[in-house]
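Participant: Chains as they are written, first to last, in full-length UniProt numbering: chain A, 1 to 572; chain B, 1 to 154.
To spell it out: a stretch of chain B is covered by chain A in this simulated footprint if at least three of its residues, at any positions, have a beta carbon under 8 angstroms from a beta carbon of chain A; those stretches are:
hint: 1; region: 120 to 132
hint: 2; region: 139 to 147
Result set (DSBU-like, lysine-lysine): computed pairs, CA atoms no more than 30 angstroms apart in a straight line:
hint: 3; chain 1: A; residue 1: Lys200; chain 2: B; residue 2: Lys146
hint: 4; chain 1: A; residue 1: Lys497; chain 2: A; residue 2: Lys549
hint: 5; chain 1: A; residue 1: Lys552; chain 2: A; residue 2: Lys480
hint: 6; chain 1: A; residue 1: Lys452; chain 2: A; residue 2: Lys497
hint: 7; chain 1: B; residue 1: Lys146; chain 2: A; residue 2: Lys155
hint: 8; chain 1: B; residue 1: Lys149; chain 2: A; residue 2: Lys200
hint: 9; chain 1: A; residue 1: Lys200; chain 2: B; residue 2: Lys70
hint: 10; chain 1: A; residue 1: Lys538; chain 2: A; residue 2: Lys516
hint: 11; chain 1: A; residue 1: Lys449; chain 2: A; residue 2: Lys461
hint: 12; chain 1: A; residue 1: Lys527; chain 2: A; residue 2: Lys516
hint: 13; chain 1: B; residue 1: Lys70; chain 2: A; residue 2: Lys303
hint: 14; chain 1: B; residue 1: Lys87; chain 2: A; residue 2: Lys155
hint: 15; chain 1: A; residue 1: Lys155; chain 2: B; residue 2: Lys70
hint: 16; chain 1: A; residue 1: Lys492; chain 2: A; residue 2: Lys503
hint: 17; chain 1: A; residue 1: Lys473; chain 2: A; residue 2: Lys434
hint: 18; chain 1: A; residue 1: Lys483; chain 2: A; residue 2: Lys452
hint: 19; chain 1: A; residue 1: Lys303; chain 2: B; residue 2: Lys149
hint: 20; chain 1: A; residue 1: Lys520; chain 2: A; residue 2: Lys503
hint: 21; chain 1: A; residue 1: Lys461; chain 2: A; residue 2: Lys473
hint: 22; chain 1: A; residue 1: Lys461; chain 2: A; residue 2: Lys402
hint: 23; chain 1: A; residue 1: Lys562; chain 2: A; residue 2: Lys538
hint: 24; chain 1: A; residue 1: Lys483; chain 2: A; residue 2: Lys516
hint: 25; chain 1: A; residue 1: Lys503; chain 2: A; residue 2: Lys549
hint: 26; chain 1: A; residue 1: Lys449; chain 2: A; residue 2: Lys434
hint: 27; chain 1: A; residue 1: Lys549; chain 2: A; residue 2: Lys473
hint: 28; chain 1: B; residue 1: Lys149; chain 2: A; residue 2: Lys155
hint: 29; chain 1: A; residue 1: Lys434; chain 2: A; residue 2: Lys480
Source of the hints: derived by calculation from the structure; they are not laboratory data. C-beta atoms are modelled at their ideal positions from N, C-alpha and C, and glycine is treated no differently.
These are the residues of each chain, in order.
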Amino acid sequence: MASTFFRTIQTHPFLLLHPTAVFRRKNGVLRCTMRSTQTQTPTQEKQQSPQIKFSPQNPNKTFYEIPKGYEAIIGIETHVQLSTLTKAFCGCPCNYGSQPNTSICPVCMGLPGALPVLNSKVIEFAVKLGLALNCKLSLNSKFDRKQYFYPDLPKGYQISQFDMPIATGGYIDLDLPVEFGGGHRRFGITRVHMEEDAGKLLHSENGDYSQEITSPTLQYVFCSFMLIFRGSMVDLNRAGVPLLEIVSEPDMRNGMEAAEYAAELQRLVRYLGVSNGNMQEGSLRCDVNVSIRPVEQEKFGTKVEIKNLNSFSAVNRAIDFEISRQVLLHSQGQGDQIVQETRLWEEGSQETFTMRKKEGLADYRYFPEPDLPEVILTKEYVNSIRNTLPELPEMKRRRYEKMDLSMQDVLYLANDINVADYFDATIARGADAKLVANWIMGDIAAYMKNEKLSINDVKLKPDELAKLIASIKSGTISGKIGKEILFELLAKGGTVKGLIDEKDLVQAIDPVEIGKMVDKVLSDNLKQLEQYRGGKTKLQGFFTGQVMKISKGKASPGLLNKILLEKLNAKN
Amino acid sequence: MASRTSLMLRGLSPYYCCCCFFNLSSRSSSSSSKLFFLGKNSNPTIRYCSTKATGGASSLPPPDVTHLAKTARISLAPNEVEEFAPKIQQVIDWFGQLQVVDLDSVEPAIRAESLHENAREDIPETFENREAIRTSVPSYDDPYIKVPKVLNKE
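Based on the sequences and whatever the hints tell you, model everything.
Facilitator: Structure follows, in structure tokens:
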């Protein structure tokens, strides 16, 4: 298998000169682990069934370059679980992590006679997200039934929206990270629609439960006579929990862009407060569609769907893996082996593998949900929600940019709404934006990282940070002292003024007082003074240190140096 | 308008098949009462349509019962396919009558009725009799519902 691979490489010189080149990323962290033909032994060949393997070292800060002559087309479907208190169509409480099958009722269990009633919060959240994504809202929309035969949704269908989604035709703006070269991107949003989630399906293996990845978006046709009793377990707590599905235009071109799109969506739903956006818990799930085509070709290639992406870096790496897999097949003249299918990302081996091939045309047999009335939005309602929208990430970044902060600062501060709120609250108290940014991104961020705290857990409140910065600026305390008391404020709280008074930290700015200290140091160290005056001027640092020591760090450094130099260079 | 009618018909056929499914497989009491529920729900609609219609035979193609059974995930014996074909045809014919209704001057409606203020507040309400739901599950392995594992047919 490997030798075929190498032969093909030789016949396609535009691709590479060395096999690792296909998968090389800019900084070379990600590499292809194909062995060279010379060192290959029969045993190795056997182990080598998957052709492509990425080593997962430092997967975050990598950037994959698509081989010349090819272009990748990526679109993303994102499911966002809404943070409503109750399910979409019944009053069952939505509590992540509650005891299985406790949040159930006849409606979400699909029992006879039960009728769904829409949760008004679902509409509110859909309108919020639709507006935030610059979409056109449908004042009249409806729900449809999507046929779905799987035990995690007991009704036998999913209530979703088909031909009249609540929001269509929007876009999202984002800034790419500086380490990836930066830049601004706008990705199109095809539609946003409301639907219900399915329950969780678990399989018992060696006493452990593993969750199956199922979803009503799976485009496969199953047959009922393939039921074989093996004992799957269902937890229906999640069945009926409201979701918003966000479908992007196929505007992304590599894994990094796709991961940044997903990260921006997460930021957006968190800013809006419509979802916790937690990927590990499955509150934000991304399914990506990847296809490649030669750059001169207009027609899209066959698209492959990838599921099981539980982090942004998984989105990034899975897509780059998939692109390289497809480019390799295409360049080998095996483009017909790229088939429409769903592949799963395997974190352990850093590969995608076939989940199921498409067996037939998807036939969801959508039809209007007869148990739910039309969803009608009034212009007044939409406007009232528009007026309560918070400042969104993109607006925040543009505002921060105007404060002359670096893009690195801007992206860091706007990334987490709580950090952004903290920053805003501090500058609202008159502190200089750049200084506040430096404090937050430096010592405060380091402290939070070490202590595994979020900014809301930090005892130093914006008001006191502003006072701390003001105390340094006014010269009341030195920057060094400021740094010292910062950690005390972070851990124990208290006020800047209280700490300064308690520890007698006010900076010595009285020239007479500093002069006295300098005199004492000079008279105590006559030998060094003589050496200095003899030309060993490096000793200035020694004297500075001594004065600082007797001032307990409180001497104003600028003033101290000025007075010290005067006295050192003075004639006897 | 023809496409709108056929959309409804597409909606109806799985419905009908669902009824068949639950009827044929009526293993538990809840399945058979579901049949009752669905029947009760769809009957008035059908009656409503037929009173409105001005008559006329359906020009729609006859149902492919084997395909319908497949999409509803049920297995039918050949004699059952024969038995159901005319019954489903009957339903299609009922809907076929709608084709002749002149709707050129009528605004298309998304839904049959539009009641305002029909959404509920987001206030949790725990269903009290959950134990009854759990005990009616054919195979309950506390705290999970045990179901057949669905495997892909290759």
